[in-house]
Structure formats: C-alpha cells, structure tokens
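A.B. asks: Take a look at the letters that make up each chain.
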Amino acid sequence: MCLARIFALPAALTLGVAGCASERVVLLPEQDGHPTAVVVKQGDREVLLDRPYAAAELTLADPWTYRATPADVESTFGTALAAQPTRAAHFVLYFVEGTDELTEESKKTLETVFADLEKRPVPDVLVVGHTDAVGTDQFNDALARKRADTVRAALIQRGIPGEDVVAIGRGKRELLVPTPDGVAEPRNRRVEIVVR
Amino acid sequence: MLRSICVLALTLGVSLAHAADIGQIKVAKGTVTIERAGQSIAAAVGTRLQTSDVVRTGADGSVGITMSDNSLLSAGPNSALALDRFEFDSTTNEGHFDASLRSGTLAVVSGKLAKQSPEAMTVRTPTTILGVRGTEFVVRVDVPR
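Going down the list, the sequences are from chains A and B.
Take any residue in the first sequence, count from 1 to its spot, add 13: that is its number in our numbering.
Take any residue in the second sequence, count from 1 to its spot, add 407: that is its number in our numbering.
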C-alpha cells in the first residue's frame, strides 16, 4: 500500500512526505449545478479548487493540483460516499385564512411529506409556522404556533416520535410575499417543513 | 415583563430539549464509536452528536451524519472525524462549523452555514485547513502505521 503510493507519485514530490502520510482533497460537482469551491490553506500557501474534480495532493513540501476522475473518486471514497445521509427535503403547506386548517391542495402535499419520511430510518423534522400580515403580532404569533403544532400533531399521529419533531412559530415576521401590514395574502399563511 | 419572559421560556422549551445536539447519525455500518469526554461509546443510527465528539469507524465501518444546518458528513473505514466546533443560529443561519479529519476518508456536502458565509465552515486535516465555499468534496488522510 505504502510502496504503491510512493511509486504512484513523481519521485521529487515524495521526498518531502514524511513516511507515507498523504492527504488529498477532491472537489465534486454540485448536485444543483451552483458554482462551488474549496480553499486549501497550508500556512501561507493557498490553492483554490473551483472546478468539478479539481484535486490537490497535500504534501508537506507543497500542495500540488491535478484533475481527478470519477473512477478515482469512486475507488478511494466509494464507501464514504455510500454512507452519505439522504439530503434535507423542504415542503410548504398552506392554510385557510385565520385558521390552522390546511387548504385542500396542501392536504395532498402533506401526504408527500409522509411518503418522504418513510424513506428515512431516523427522520428529524422542523416545522415553522407563519401567517399573513392581517392582525396583531400577538394574534399572529399564536396562530403561527397553532399551525405548526397542528402539523406536528399530524406527524406524530403517523408515527414520528414527538421528540424528533420541533414546532415553532414566527408569526408575521417572515412573510414569503412581502406586503404592507394588514394585507391578506394566501401564500404567507403557511408552515414550512424541513425533513432531515 | 415577567409575563413576556414566561412566554419566551415556553417558546424556547421545545428547542432547548435539543440544545446540546448538533447533529445525528443517520447511517452506520460496521463498527462506529464516539469518543466523548474521554469515554468511548458505541454509536448507532439515531445517535445524537455533541460538540467535541470524535466519531471513529473500524476497518469494516462507515458512518453518515446530518448536522443541524443540513451539512452532511460521511466517513469511510478507519476514519476519525472530530466535530471541534459547531455554532448555528437557525434564524439567521450564522455561526461556525469546524471539523477535522484525523485519518481516513470523508465526504462533505456543506449546509446553511457555508451558504450564509464563506468563512463559516472549515475542515482541517493534520497539515491543511480547507475553507468551504458552499460545496461538495471528498478528503483523505492516510496516516502512516
């Protein structure tokens, strides 16, 4: 294993490596296609990896960069990548004005939340309730919390342990669609759910 | 005044139950242990993690962790991953996350912290600091035996 690594590296580069210690970093393509980067810092030296499969071998002498291949990544990191948890999923449910009753459409969305939860062995869920800008802060804080609690209760009823579902209310502080105070806006009467 | 403190305490009640938890093991195969306060404890799917935990995998082990900012960290066999620092404000998405890979292999998908601020998340290896700019990457540290 050690010998193989030494032969795999140009001889000059191995001189600075103590024993067989070696470190490597490879940037992967982002799933959603956003630009990404990792800054590699060793003391004063800095190398930027900003393209998919850009890689650095982090020897003590000097980090050097190269382009890795998907096959390299799979052979070295396959087990680590296979253990990656399911990514967080986001859902939004909407409510009838002034109530904690889901709209008909959102009752269907709630079923897709249950379906997502079934794929996760130990889900934890964050439920954040919101309101539109009609009414006082006090009224909307209570309503937002009530909406979140109602959704939390529905999740618990379907078998998610209560300790794994956190419900909070934000009242009218975080309008999805900005409106002046007092404006009724269906898209703001919502609960946002993050499933991990 | 007193009343608003009571209301605040009630509102925070639910989240305080999880205050010490910074993440959770979602995937575990083979031998996975956590070093916490000098003790080594067996870890399994569902185990919650705290700051300063060191997660270790055996030769047959691998582990997948979801942090509370939605970052994903997963490690292959013979790995030691330290969760050195994790501070996350779920309202502003601000805070800091520093992890270090002492040995083994690690795959990272950064979460809300790195998205909010390019300085918020680092992964250290024995020789290097990796600054995470909203990103997926893999790291390997081969330690001579």
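Be aware that a few hints might be false.
From the derived model, a few chain B residues whose C-beta atoms are all more than 12 Å from chain A [what the hints assert, rightly or not]:
(1) T454
(2) D476
(3) T512
(4) V548
The calculated lysine-lysine pairs, modelled on BS3-like cross-linking and capped at a C-alpha distance of 27 Å, are [what the hints assert, rightly or not]:
(5) K132(A) / K120(A)
(6) K121(A) / K132(A)
(7) K436(B) / K54(A)
(8) K121(A) / K159(A)
(9) K159(A) / K120(A)
(10) K436(B) / K159(A)
Restraint-style ranges between C-beta atoms, simulated for each label pair [stated by the list, open to error]:
(11) T125(A) / A466(B): 37 to 45 Å
(12) P65(A) / E442(B): 56 to 64 Å
(13) E198(A) / S497(B): 40 to 48 Å
(14) P525(B) / Q44(A): 16 to 24 Å
(15) L189(A) / P533(B): 17 to 25 Å
(16) Q446(B) / T125(A): 21 to 29 Å
(17) E118(A) / E494(B): 49 to 57 Å
(18) L61(A) / E501(B): 17 to 25 Å
Simulated from the structure, these hints should not be mistaken for laboratory data.
We put the beta carbon where it would ideally sit given N, CA and C, even for glycine.
A.B. asks: Is the Cβ of D476(B) farther than 12 Å from every Cβ of chain A?
C.D. replies: 10 Å, violated
A.B. asks: Would the hint linking K121(A) and K132(A) be met if the CA-CA limit is 27 Å?
C.D. replies: Distance of about 18 Å is within 27 Å: holds.
A.B. asks: Assess, step by step, whether the Cα of K121(A) is no farther than 27 Å from the Cα of K159(A), and give holds or violated.
C.D. replies: 20 Å, holds
A.B. asks: Mind checking the alpha carbons of K436(B) and K54(A) for me, to see if they're no more than 27 Å apart?
C.D. replies: Violated, at roughly 32 Å.
A.B. asks: Starting from the range 40 to 48 Å, see whether the pair E198(A) and S497(B) falls in it by beta-carbon distance.
C.D. replies: Check failed, 24 Å falls outside 40 to 48 Å.
A.B. asks: Q446(B) and T125(A), beta-carbon distance inside 21 to 29 Å?
C.D. replies: With Cβ atoms ~42 Å apart, the hint is violated.
A.B. asks: Does the no-contact call for V548(B) survive, Cβ to all of chain A over 12 Å?
C.D. replies: 5 Å, violated
A.B. asks: Regarding the assertion that T512(B) does not contact chain A, is the least Cβ-Cβ distance greater than 12 Å?
C.D. replies: 4 Å, violated
A.B. asks: For the range 56 to 64 Å, tell me whether the beta carbons of P65(A) and E442(B) fit it or not.
C.D. replies: 34 Å, violated
A.B. asks: Verify the CB-CB distance for P525(B) and Q44(A) against the hinted window 16 to 24 Å.
C.D. replies: The hinted range 16 to 24 Å holds for P525(B) and Q44(A), with Cβ atoms some 19 Å apart.
A.B. asks: If I claimed the Cβ atoms of E118(A) and E494(B) lie 49 to 57 Å apart, would that claim hold in this structure?
C.D. replies: 38 Å, violated
A.B. asks: At the C-beta level, are L189(A) and P533(B) separated by a distance inside 17 to 25 Å?
C.D. replies: Given about 46 Å between the Cβ atoms, the range is violated.
Checked against the numbered hints given earlier, this structure breaks hints 1, 2, 3, 4, 7, 10, 12, 13, 15, 16 and 17; the rest are met.
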